[in-house]
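Colleague: Here's the letter readout for the chains.
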Amino acid sequence: MPDSPLSPPVLTIEHLAISFAQPRPAVEDVSVTLRQGEILALVGESGSGKSMTARAVLGLLPPGAKATGSIRYDGRELLGLSEAGLNEVRGARIAMVFQEPQTALNPVRTIGWQLREALRAHGLRSRKAATERAIELLRAVEIPEPEQRLGSYPHQLSGGQKQRVVLALALANEPEVLLADEPTTALDVTVQAEILRLLDRIRERTGTAIVLITHNMGVVAEIADRVVVLQAGNVVEEGETRALFARPREPYTRTLLASVLRLPAPGSAVPIAAPADEATPAVEFRNVHVRYGSSRRGRAFPALNDVSLRVAPGEVVGLVGESGSGKTTLGRLAAGLVPLAGGQVLLHGADVLAAPRSERRDLRRGLAFVHQDPEASLDPRLSVGASIREPLDIHRVGTPAERDARVAELLEAVQLPPSYAERRPRELSGGQRQRIALARALALDPTLLVADEPTSALDVSVQARVLELFRELQERLGFACLFISHDLAVVHKVADRVAVLRAGQLVETGPVATVFAQPAEDYTRRLLDAVPVPDPTRRRGRRVRELAS
Amino acid sequence: MTRYLLSRLGSALLVTALASVGIFALIRLVPGDPVSVLAGPDATAESRAAIRAELGLDRPFWSQYVHWIGDLARLDLGPSYKLGGDVGSLISDGALNTVVLTLFALVLAAAGAIVASTAAVVWDKRWLNSLLSAVNTAAVAVPTFATALVLVLVFAVRFPVLPAGGTPPAGFFSQPDIALQYLILPGLALALPAWAALTRFLTESLRTELRQPYVTTARALGIPRRRIVLTQALRNALPATVTVLGLQLGSLLGGAILVEAVFAWPGLGRLVEQGISSRDYPVVQVLLLLSVVVFVLTQLVGDLIHAWLDPRVRLNGVS
Amino acid sequence: SSAVDELKSSSGKRQEGGILRVGALQDIVPARIFTNSSDAINVLIGSVYDSLIDYPRDSLDPKPSLATSWKLSDDGTQLHLQLRDDVTFHSGRPFTSKDVEFSIKTWADPTWTVQLQRTAAAVTGFDTTDPHAITLTFAHPLSNIFDLLDMLPIIDKDTIGQLREGKAFVGTGPFKFASWSPGSKISFTRNDDYWRGKPALDGIDVSVIPDPQAQVAQLRAHQLDLILGASYRDFQSLGKDKQFQVNQWNGAEGQVYVGTNVTNPALSDVRVRQAIAYALDRKRVVDEVLRGAGVPISTPWPSYSPAYDEKANATYDYDLTKAKKLVDEAKADGVKIPKLPLTYPAENPIYGAIAQIAQADLAKVGIEVELDPQEQAQVIQQLIGAKFPALWILSHGYANWTPSTLAVSAYPFNADHNASLYSDPTYKAAAEKVWEAKPGAVDPADYAALNQALLKGSFLLEIAITLPQDASSTTVHDLGQTKRGEPILYDTYLTK
Amino acid sequence: MTASVTEPLTPVPVGPVPGDPGPVRANRLRHALLHGRGRVGVVLVGLVLLLGVLGPLLAPYGPTEQIQGANLVGPGAGHWLGTDELNRDILSRTLYGIRVDLVVVFAAVPVGAALGVLLGLVTSWWPVTDVIAQRAFDLLLAFPALILGILITAFLGPGVFTVAVVIVAIELPVFGRLVRTSVRTVREMPFVEASQVVGATPWWVLRKHVLPNSLEPLTVQLAVSMSVAVFVEGAMSFLGLGVRPPHPSLGSLIKDGVRLLHEAPFFAAGPLTIVVALVLGLLLISQSLAEARRA
Ligand SMILES: Nc1ncnc2c1ncn2[C@@H]1O[C@H](COP(=O)(O)OP(=O)(O)OP(=O)(O)O)[C@@H](O)[C@H]1O
Ligand SMILES: Nc1ncnc2c1ncn2[C@@H]1O[C@H](COP(=O)(O)OP(=O)(O)OP(=O)(O)O)[C@@H](O)[C@H]1O
Ligand SMILES: [Mg+2]
Ligand SMILES: [Mg+2]
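Respectively, the protein sequence lines represent chains A, B, C and D.
Just so we're aligned: the first sequence equals residues 1 to 549 in this note's numbering.
Just so we're aligned: the second sequence equals residues 1 to 319 in this note's numbering.
Just so we're aligned: the third sequence equals residues 1 to 496 in this note's numbering.
Just so we're aligned: the fourth sequence equals residues 1 to 295 in this note's numbering.
No lab work stands behind these hints: they were computed from the structure.
Think of the CB as a built atom: it goes at the ideal place given N, C-alpha and C, for glycine as much as any other residue.
Hints may be right or wrong, so weigh each one.
What the hints assert, rightly or not - Covered stretches of chain D, as calculated for chain C (at least 3 residues, CB under 8 Å):
#1 81-88
#2 148-158
#3 193-205
#4 239-248
Construct the entire structure; sequences and hints are all you get.
Modeller: The structure is reproduced here in structure tokens:
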């Protein structure tokens with residue numbers, strides 16, 4: 001069993017250092033030993049060198065990177081091996097899976113072709129044999145009807161299916177080591193849970209050793225045997241999963257673990273729900289319908305179907321649901337960015353669309369929008385000061401000097417020094433950019449804020465800080481908020497009420513604590529179950545296995 | 001897919017229809033009178049009036065236009081004012097020459113570009129890249145007419161190994177080997193800038209493709225770089241290249257005017273020039289419309305090939 | 001096989017038959033087939049058709065062709081011609097006096113816009129009772145009737161419709177029209193039944209190559225045997241090459257000139273026009289632009305013309321002082337000379353070069369000129385409509401024929417209405433006088449009067465006679481040319 | 001003012017966050033122009049520009065001055081590049097001729113670009129005007145440059161002005177389309193939505209966001225278009241549609257030189273070198289700018 005410390009090492013990385021032509025090395029000193037059949041998690045904040053370490057193993061560093069130290073596999077030194085030498089190892093002995101299933105597959109080739117190509121690279125030339133093996137592989141990664149799927153193009157598969165195909169590719173030549181670089185980050189929680197279970201089963205069946213790179217401590221707790229914590233290119237701590245979670249030695253590990261948001265254990269006590277607010281809601285959706293594509297051409301896609309929802313003044317409503325369930329659409333609808341196909345949207349009791357054009361602008365003035373991607377939501381050409389000022393400029397609020405003063409106030413409100421007004425977005429970190437976006441949203445004193453996954457692009461620790469700030473500002477300023485997120489833990493932390501969307505329909509709504517503790521709907525329960533719990537003692541897979549044995 | 005095609009076809013037809021009115025009006029606005037050109041300096045007023053009536057130029061504008069479109073619909077292009085003969089047969093000879101030359105140049109440019117850019121990307125040698133980029137820049141920087149003349153001087157006059165110009169005396173198809181020799185110099189002069197543009201674009205696309213995650217996936221599977229370039233990156237870079245190729249066709253047609261002049265290649269370029277200078281409305285109208293149709297068709301065909309090469313468009317109609 | 005090697009050959013032995021490959025600058029234009037306006041038309045007319053009489057190139061002494069002999073009545077209003085009886089058209093139909101009548105009447109039809117239309121229209125009576133003789137009656141004596149008979153091709157009346165469409169050209173000449181691909185090629189085959197005997201060549205292929213340089217390149221590459229259009233400079237350099245010969249055809253001259261709009265306020269003073277005439281450095285034009293293939297002139301006539309007068313021709317020899325003086329005088333009399341536009345066809349580099357020389361010359365005497373190159377189409381329209389604002393450069397022909405042909409036929413000289421808007425009773429009378437006279441019987445004094453009228457008016461300032469040239473490979477022998485510039489290829493043969 | 005701002009929240013210390021990208025070079029494009037290929041391009045274009053500007057000072061003769069007896073003299077001490085058929089000093093003509101190309105390159109192209117950008121910008125926001133403008137651009141693009149040149153010359157007669165008009169007509173749709181693509185991409189960007197949500201009008205978005213964010217591709221295209229303009233001038237002059245004699249332009253000089261390639265091969269060398277240098281320089285600039293954009 002992998003738990004045995006006696007299994008022999010298959011991959012040994014010693015004193016690996018990787019540098020680019022820039023002051024700080026990407027990886028400074030990393031030593032890791034991977035043992036046969038184990039799952040080793042590599043964790044750490046963004047930029048800590050996780051991916052670089054994994055890429056160095058297969059000689060896939062970006063151009064310009066220099067690596068020193070040693071990476072030994074099966075007694076062979078991999079660092080500095082020729083391209084031809086590496087090609088013998090790549091795929092056949094050590095395989096790698098990448099984060100983005102959407103782009104990791106060639107869009108213009110069928111998956112059958114890509115599987116055959118992977119097999120061909122290591123000697124399987126016969127087309128028939130390759131096809132058979134491809135079907136076998138697809139079956140192994142639990143893709144239904146594998147024979148039919150061979151002729152599909154990547155875009156015809158769902159995200160989870162694509163990630164399974166990527167796994168199948170990596171497993172094609174039965175490698176001894178699998179390097180998985182954030183293989184589930186881009187996926188829904190439900191899909192993520194399935195993929196993780198699949199990884200675990202593969203390890204069990206083939207004895208493949210897996211290096212799992214992730215920043216999600218829940219995932220680590222779920223399946224890793226051992227954990228290696230990286231910080232700024234160095235290994236800061238290493239240990240058996242359960243021990244490390246229970247007794248982190250290093251302060252960095254401790255912060256990392258502390259930043260992790262947790263859901264209450266299922267079935268915990270239900271607090272009494274607050275009575276429904278009788279005031280006019282900040283926003284109210286009445287039986288709204290949204291369709292994408294022209295209905296005239298018969299391609300209309302119903303993104304929202306008969307959804308009714310109210311957000312009371314000062315209330316934070318979390319909107320959750322799987323990818324594609326219509327969360328973003330509902331948020332954009334409030335902001336007037338998508339056309340309404342049916343129903344009504346009321347802002348403070350006024351029907352926006354029924355209002356004359358001139359009034360519509362004023363109605364919307366009390367509304368602000370924070371986008372998921374802090375990078376894309378700021379114009380790269382404007383200084384952050386100008387970006388924050390923009391709403392004031394548009395509505396000609398006060399004199400220019402007053403506007404500048406207001407910018408300084410807002411910066412302070414999001415806990416950034418006023419000197420930052422001069423910077424360009426790209427001179428800021430992700431978390432800082434998201435604060436700027438927040439500051440801009442608050443510029444006109446909105447009564448309603450629509451936040452579309454505002455923290456999903458951020459690191460756990462940064463996310464924690466931004467959420468903290470958000471919560472604080474919300475309490476202080478008392479704006480209502482529609483908070484969209486696929487991360488149930490985040491919603492749990494910030495929201496008063498939660499609404500669950502599924503395929504364009506509202507399935508459940510209610511106070512957060514009630515819904516999360518005692519979901520009325522099956523769908524909600526599945527969502528909650530799929531969330532990895534950052535606590536190795538409550539590991540589900542293990543539990544199942546322990547029960548079975 | 002079909003719907004996508006239909007909408008493209010619709011806008012193509014609209015452009016062509018607009019163009020026909022525009023061209024018809026435009027050419028009549030050009031100062032200078034076909035009748036005086038035709039009659040010559042020594043003609044009397046009566047003879048000019050007689051010619052005007054004979055050409056139907058005394059009718060009102062709209063009636064002339066309706067007649068023209070009606071004739072076009074019946075594939076009757078009418079007679080040339082100047083050359084007397086039917087515009088259709090007049091153009092068909094020139095069109096054949098121009099089409100053969102342009103297509104030859106297009107094939108030369110496309111094939112050359114694929115070879116050059118895959119070689120540059122597969123080998124990725126410093127000297128090869130420098131050499132290619134130098135040749136490339138030179139090919140763009142030297143005007144077509146200069147290249148053409150230098151080619152004539154070197155390969156036809158100084159070292160007479162290839163014909164100095166003209167079309168193959170026996171036509172293109174009865175003696176293909178001879179025809180090829182006649183095509184080489186003008187084809188080369190015409191193809192060079194297009195080749196350079198295509199090579200640059202394709203090399204760049206291939207490099208971009210090689211940075212895509214799917215290439216990393218393939219590399220991580222141990223597939224050799226050369227194979228990745230040839231079977232995957234190239235396949236992904238082609239759809240966009242086809243679009244660029246379509247745009248190049250336009251510049252090739254433009255360049256053909258110069259090359260045809262230098263190589264005494266009796267193609268459409270000369271017809272356009274002469275047609276305009278002699279105010280031969282029927283010829284010019286048809287030629288200009290033809291150029292619009294070719295442009296529109298190229299775009300359409302380019303889109304088609306693009307769609308066919310890209311399964312996302314082919315199967316879902318999205319791009 | 002190599003396309004180039006096939007073309008190279010040189011053993012010097014006479015070749016049986018063979019196709020002569022000719023390069024022409026302009027294509028044929030069926031509607032203007034009789035106007036002598038393109039070199040391809042010249043090949044066509046010269047090869048497919050015969051005329052009644054032939055002028056030798058350098059004289060005005062008619063020689064028999066389809067007409068074997070002729071007799072002019074004493075009053076000069078009737079001409080009796082005896083015709084050959086052994087001639088058939090390419091269609092097989094025998095040639096008769098009716099065809100002569102039809103041909104002359106065709107030329108008199110204004111839609112064909114022939115230059116000698118007035119002369120043809122002055123033939124009023126046709127006696128065609130004898131199929132092999134014809135008597136023509138004229139409205140008045142026509143001094144240039146033989147010019148008409150030399151120029152006029154005898155055409156087949158049955159195929160005139162096809163001629164207009166460019167589908168068939170049927171004559172009695174040494175070669176038959178075979179095919180025409182507009183814009184690129186015209187082919188002729190030998191007429192085995194030619195009345196003068198079978199021509200040496202099997203046929204002629206005329207390639208239309210509008211770029212003179214391309215013609216030269218193809219001649220040098222032995223893709224052509226004879227080129228009709230090349231720049232003077234190219235002819236000069238081909239002449240130095242032993243592989244090629246350059247032929248200069250004296251007797252088929254043209255004239256380049258500067259035209260003036262005499263209604264332009266600055267140009268209405270004759271002194272200004274004369275000053276321009278004095279200021280033109282004609283010799284430089286001949287030397288540097290025409291590369292010697294020309295003669296500086298003040299009057300249009302070549303030296304063999306009956307109207308030629310050496311003294312009159314030297315009237316406007318280059319003289320800047322005289323020019324300057326005239327300009328100063330005119331200015332002193334209150335004539336304002338603003339910047340004058342000088343129009344010329346942009347397509348032809350010769351006009352451009354001459355215009356630039358003229359501009360520099362005129363600047364020296366205080367006349368500022370702005371060059372105004374325009375498309376041929378627009379230039380011709382202005383010529384016809386007499387719409388040139390001030391000055392223009394073009395060329396004319398017909399001075400190499402009977403002088404009256406020029407005076408009554410060439411557009412810029414037309415005494416009734418010309419592009420200069422110059423009208424003068426003395427000039428008109430002098431022109432009519434030399435026309436309405438018996439051929440060969442014009443009083444030299446009348447010619448002198450005509451010259452005086454022309455020089456006095458100075459509305460059209462001659463620059464130079466241009467001598468037509470062509471170039472051929474040395475394997476081509478016995479080329480000829482008519483006074484009208486039509487190549488005579490009947491005797492031509494090739495050597496290997 | 002809201003209460004929140006008058007009582008500021010306690011600022012937390014902000015230091016470099018892990019993964020902080022750090023300051024990036026302020027102006028990538030300027031950097032690209034001052035190094036490597038870009039610098040070679042700038043030097044080449046600068047040199048040509050300098051020659052053109054200083055032409056009158058450097059030229060030993062006037063551009064149209066006909067020197068007696070100096071007919072087609074080869075290059076030598078008196079005439080570095082020889083003389084032409086009309087006895088004019090080719091070096092002087094070349095130096096003056098550069099100016100025509102400079103006008104075409106640095107005036108006509110920017111005008112065409114500006115018009116195209118303006119039209120593209122204004123029309124592409126609303127579907128109706130967008131369709132109309134795009135079809136009009138299609139129509140202009142459907143004619144090869146030279147055919148457009150021949151057509152426009154039929155109206156205006158040959159001359160620098162005509163060449164300039166032709167270049168404007170060629171560039172207008174190119175820039176119009178380019179801007180339209182930009183508008184389409186930029187308007188989908190979250191930052192545009194952000195400003196729309198707070199009430200920005202289309203005009204505001206176009207001016208404040210779309211245009212500034214399209215400037216980079218536009219500059220690259222500008223350099224490319226400038227090199228195209230040099231060609232168009234050359235080709236039009238080659239077909240006799242360019243500058244009016246006696247004034248020289250690089251294109252007309254090449255045309256004259258090419259006519260005399262047999263007798264005076266030296267003639268075309270000078271102007272051709274300048275054209276190649278100018279085009280090369282512009283191409284190098286556009287390449288380096290494009291590269292900087294991608295980096
Ligand atoms: N192509 C490159 N050029 C220069 N520096 C790079 C490059 N790629 C990565 N780096 C640097 O190397 C360091 C480590 O990057 P790496 O991708 O390994 O981080 P990571 O731990 O995988 O982060 P994430 O969780 O964001 O994926 C980072 O500081 C990054 O800025
Ligand atoms: N512009 C569009 N045109 C057509 N369909 C669209 C468009 N935008 C979204 N959709 C579709 O509408 C559905 C709902 O999309 P929406 O973006 O609201 O989902 P979401 O819940 O925000 O998902 P995610 O968690 O992935 O952000 C999806 O199936 C999506 O494919
Ligand atoms: Mg990473
Ligand atoms: Mg979303």
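Colleague: Taking each numbered hint in turn, which are not upheld by the structure, reported in ascending numerical order?
Modeller: 3
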